[in-house]
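Build out the structure end to end from the sequences listed, making use of the hints.
If you want the building blocks of each chain, they are given just below.
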Amino acid sequence: MSFKERLGKELLFFDGAMGTMLQERGLKSGELPEIWNAARQEVILDIHKQYLQAGCDIIKANTFGANPFKMEGTGYTCEALTKQGIEIAKRAIAQSGRQAYTALDIGSLGKLLEPLGELSFEEAYQAFVPVCVAGEEAGADLCLIETMNDTYEIKAAVLAAKEHTSLPIVVTMVFDEGGKLLTGADMEAAVALLEGLRVDALGLNCGFGPDVMREFLPRLREVTSLPLVLNPNAGLPVVVDGRTCFQVGPQEFAEVMKEIAREGISAMGGCCGTTPAHLSALVEACKGIAPMELSDKNRSVVSSYTHAVELDRPKIIGERINPTGKSRFKQALRDHDLEYIYKEALAQQDRGAHILDVNVGLPEIDEVEMMRSVITGLQGITDLPLQIDTSDPAAMEAAMRLYNGKPLLNSVNGKQESMDAVFPLAAKYGGMIVCLTLDEHGIPDSAEGRIEIAEKIIAEAAKYGIKKKDLLMDTLTMTISTGQENARITLDALHYVRHVLGVHTTLGVSNISFGLPQRERVNTAFFTIALSQGLSAGIINPNSEAMMAAYRAYCALNGSDSQCQEYIAHYSKQGEQPRSVSPKDEPLRLFDAVVHGLTESAYQAAKTELETRNPLEVIDGELIPALDKVGQGFEKKTVFLPQLLMSADAAKAGFDAIKEHLQAKGGASESKGTIVIATVKGDIHDIGKNIVKVLLENYGFQVIDLGKDVAPELVVETAKEHQVKLVGLSALMTTTVANMETTIKLLKKELPQCKVMVGGAVLTQTYADMIGADFYSKDAMGSIRYANELFQA
Amino acid sequence: MPDSRKARFSMRADRKETLRYLGYRGQEIDSKMERMIEEAAAELEQQSSPKSVYREYSCQVFEDRVRIGELEIESRNLARNLKGCSRAVLLAATIGRAADFMIRKYSVCNMAKMTVVQATGAACIESYVDEVQEEIQKNARKRGLYLRPRFSPGYGDFALEYQKDIFQMLECSKRIGITLTEGNLMMPSKSVTAVIGLTGREQESCQMKNCSLCAKTDCEFRQEGEDS
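Chain order of the listed sequences is A and B.
Following numbering that gives the first Met the number 0, the numbering of the first sequence begins with 0 at its first residue and continues without gaps.
Following numbering that gives the first Met the number 0, the numbering of the second sequence begins with 0 at its first residue and continues without gaps.
Hints should not be assumed to be uniformly reliable.
What the hints assert, rightly or not - Straight-line Cα separation of at most 27 Å, DSSO-like style, residue types lysine-lysine; simulated pairs: (1) A/707 with A/747; (2) A/748 with A/707; (3) A/635 with B/31; (4) A/671 with A/329; (5) B/15 with A/636; (6) B/15 with A/635; (7) B/31 with A/628; (8) A/707 with B/163; (9) A/27 with B/163; (10) A/455 with A/414; (11) A/296 with A/468; (12) B/173 with A/342; (13) B/31 with A/572; (14) A/325 with A/658; (15) B/173 with A/161; (16) A/636 with B/31; (17) A/427 with A/414; (18) A/427 with A/466; (19) B/15 with A/777; (20) A/27 with B/31; (21) A/179 with B/31; (22) B/31 with A/606; (23) A/329 with A/342.
Bear in mind the hints are in silico, worked out from the structure with no lab data behind them.
Structure representation (structure tokens):
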């Protein structure tokens, strides 16, 4: 019988530690254990045999660190060591005469993925591919991805295994005592992702001994429908003179494991510090215990890289990241102004959205590329799950691949073509799917018609193994201004789908009032009715206070807001305090709003100013004087950095109001000049550079920000292309100032007329002179002064 | 001695330190600013999960190099710092990824708060490392050993390249989730590695702060009055 056939049906035993055993045989600290697959095969073979003799069913091949990054410079390839590792394990099994399985053991790459680290998702994926291929070719029976602490890296490894092998996949992770991965992901998030990717089993390894791990299991059993695997350490590690030791002995280990087996587990073994003696005691103690009973937990969840959102009570899907009908948004997409999109995301999160819809389709842009950029960027700044909203299957797949979690997909519909395109993607990457109840014949004008399509979609999804719990049926909101029946049809279908078909529901709520005056009045009423009919997730504008109030009031009324806590928390203070900043006083002048760093007031004040003055007067009469005042204060040290930046943010809001004003009139704002800025190659400290950028923009410069770790060639190329007069470079480390010098030299050679200003913690005037900079800015305001002088001349 | 410690420390951001990192020079702080500082500290403390790992090795000190365990380090400054020590602790600590996430988030929507988070994170990792160091000190004192001031790669002539070795010896990536960039910078950014010498002679456990060893005398963050 194969591993997969036995998994879940009987209690299986993994083996114990390899590293611990190798250290006893003389493996030095820092030496790579996988190299012994080539250099000291007999030792590896012997260890495997000992575990087989102990009664283990699954042998973890000595391939944990065999990846391209760790093998760099060792003279070995990961493919060769993987192949040898698998072969040794298989030889041990053959010689033992037992039926046992060889696991291709895959560990972490040891590098952080984006957005925190340097490694892109695709690079991580590519690093796992050769390992998976070599492992299967050499005859592995399963793929064990273990000791993982980042869901994104797990996803890269699982995809590599899925796309290049047909091996069963088991994933075990290391949670800290707070029940979180190093990335902050909780168990629900990890489980959502892994079940979405359809791995065969999941669980825990390393980190703790069995006693601590035992405490995690009830929660894990509650949320996963998959077989559970547990490979704990022999207790917590202690160090004696630089050597790691583990203190839980074989009997103690086996006793706790026996308890765990009785409580329910599918496979168990050991990690660091466990020996053949531990495993022998474990197998002896647990023989004959039945494996945990598996059951479908039937949870409808999507997840982000930190947490899962379950549709156990109504949820809000924020609809604002969508260019439809928004000229400013369209312009942002054309200009690749992603910051605008990120602000929309954060504003909706602030207002209480649980999931964010992401639609970045415009006919004139490359939607696939845009989707990639936006999804990557968004998961760097918000921890809300995302709803991938596109009609282009290529863009959908690109986004799903890069998404660090289980996304919501928007959408599939009853057309065969649509289902043929979307369901395979959902089956491969995982995700809940918004299903529109329309098909080749259009939108049925009866509830029955829509229900029929819903049933067709459910049946088709089942062919791909997609269960009802992962569908979110949209019974389609049509405006009542064109047909009085429209609301009833939508709601009748919704009610049936939710309560008879047992499938979750969603609606684009605000369509109901299209063509009517004062739409919010109709929207809120419809929203409340829809919720009471069984709406699971409303796609709405969370910035509408009325809609959010309707939602919170509904949750308080129907009992899903326990003890009205959320309602009270949200509204108990608002009654006393109107939302405006200075209720009693006159509205603030723009100048004062900026000086005091009041963003919202600055925006409002600028709008008011623009009613009577032209934009130039507002800029020169209010915004710039206010910025100057704060800037001077900063230089005289009466204002300190965060205060300066509060004013900068407020001024930016003022400029936004002006931009909107100009755009409405079809004009564009004028730029004083273009400046290229970058943090130099090798350096990732970009905070100073970002501060300079905001200030320069406020002073009317167009800033091309090349980001951090920027190659000298790119700086020069960009400066040439835009024929800029000024380049700003930052570096924080002594080691990277050398790269700053290289960049300056190249600039001076290729663009002799271009000036270079530099800044950063380790720089001094002397240093700046030495590397050939034209100006050394000791703080952010220095760069403003220099730029102003240069561009006035 | 515990090998890897997780979240057993309080890790509080010291307000004074936070302000120092912000370049504060006694300016007036209004209630809005005050609230921002409090919120940043609360959010960071709530979301961070500090972790550390340290191991003790025998050490030999020469004129211009030291040997810690099997690691040979060429550095006059470190040799001076470890003078008279027969043992040394390698330490790595991080407050985790939350600070970097928050910095990225606030750089989109609130630059002021971004700098406050940045400063708070810096204060947090320092105070956390102090706590871990205190534990090391307690254990050392039981054996009649005293701590030298901690000394990190990048200080003086202690080259950043040694980060790679320290990371391997402490298994930083696996145990506490810090990794190195190609330029040997640490990610998450609010992380510290250090060497702490252990000496049997109390008079050698000088309390000189590291700032005084640094050549950048006009540094914004230099602590005053402790130059030796």
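Structure-based check of each hint:
For the hint linking residue 707 of chain A to residue 747 of chain A, the alpha-carbon distance of about 21 Å falls within 27 Å, and the restraint holds. Between the alpha carbons of residue 748 of chain A and residue 707 of chain A the distance comes to roughly 23 Å, so the proposed pair stays at or under 27 Å and holds. For the suggested pair residue 635 of chain A and residue 31 of chain B, the alpha carbons sit about 21 Å apart, so the restraint of at most 27 Å is met. Restraint check for residue 671 of chain A and residue 329 of chain A: satisfied, since their Cα atoms lie roughly 25 Å apart, inside the 27 Å limit.
For the proposed pair residue 15 of chain B and residue 636 of chain A, the alpha carbon gap of about 17 Å is at most 27 Å, so the pair holds. Restraint check for residue 15 of chain B and residue 635 of chain A: satisfied, since their Cα atoms lie roughly 21 Å apart, inside the 27 Å limit. At most 27 Å may separate the alpha-carbon atoms for a hinted pair to count; residue 31 of chain B and residue 628 of chain A meet this at roughly 19 Å. Of the pairs offered as hints, the one joining residue 707 of chain A and residue 163 of chain B holds, with about 22 Å between alpha carbons and a cut-off of 27 Å not exceeded.
Restraint check for residue 27 of chain A and residue 163 of chain B: the C-alpha separation of about 16 Å stays at or below 27 Å, so the hint holds. At roughly 10 Å between alpha-carbon atoms, residue 455 of chain A and residue 414 of chain A fall within 27 Å of each other, so this suggested pair holds. For the hint pairing residue 296 of chain A with residue 468 of chain A, the CA-to-CA distance comes to about 10 Å; that is within 27 Å, so the pair holds. For the given pair, residue 173 of chain B sits about 35 Å from residue 342 of chain A by alpha-carbon distance, which is inconsistent with the 27 Å threshold.
In summary, the hint linking residue 31 of chain B to residue 572 of chain A is supported, as the alpha carbons are separated by about 18 Å, within the 27 Å threshold. Straight-line distance between C-alpha atoms of residue 325 of chain A and residue 658 of chain A comes to about 14 Å, which keeps the hinted pair within the 27 Å bound. For the hint linking residue 173 of chain B to residue 161 of chain A, the alpha-carbon distance of about 25 Å falls within 27 Å, and the restraint holds. A threshold of 27 Å between alpha carbons decides the hint, and for residue 636 of chain A with residue 31 of chain B the separation of about 19 Å falls inside it, so the pair holds.
For the suggested pair residue 427 of chain A and residue 414 of chain A, the alpha carbons sit about 20 Å apart, so the restraint of at most 27 Å is met. For the hint linking residue 427 of chain A to residue 466 of chain A, the alpha-carbon distance of about 14 Å falls within 27 Å, and the restraint holds. Distance check on the hinted pair: residue 15 of chain B and residue 777 of chain A sit about 23 Å apart at the alpha-carbon level, within 27 Å; holds. For the suggested pair residue 27 of chain A and residue 31 of chain B, the alpha carbons sit about 56 Å apart, so the restraint of at most 27 Å is broken.
Note on residue 179 of chain A and residue 31 of chain B: the hinted pairing is violated, with a Cα-Cα distance of about 33 Å set against a maximum of 27 Å. For the suggested pair residue 31 of chain B and residue 606 of chain A, the alpha carbons sit about 24 Å apart, so the restraint of at most 27 Å is met. For the hint linking residue 329 of chain A to residue 342 of chain A, the alpha-carbon distance of about 15 Å falls within 27 Å, and the restraint holds.
This entry does not satisfy hints 12, 20, 21, going by the numbered hints stated previously.
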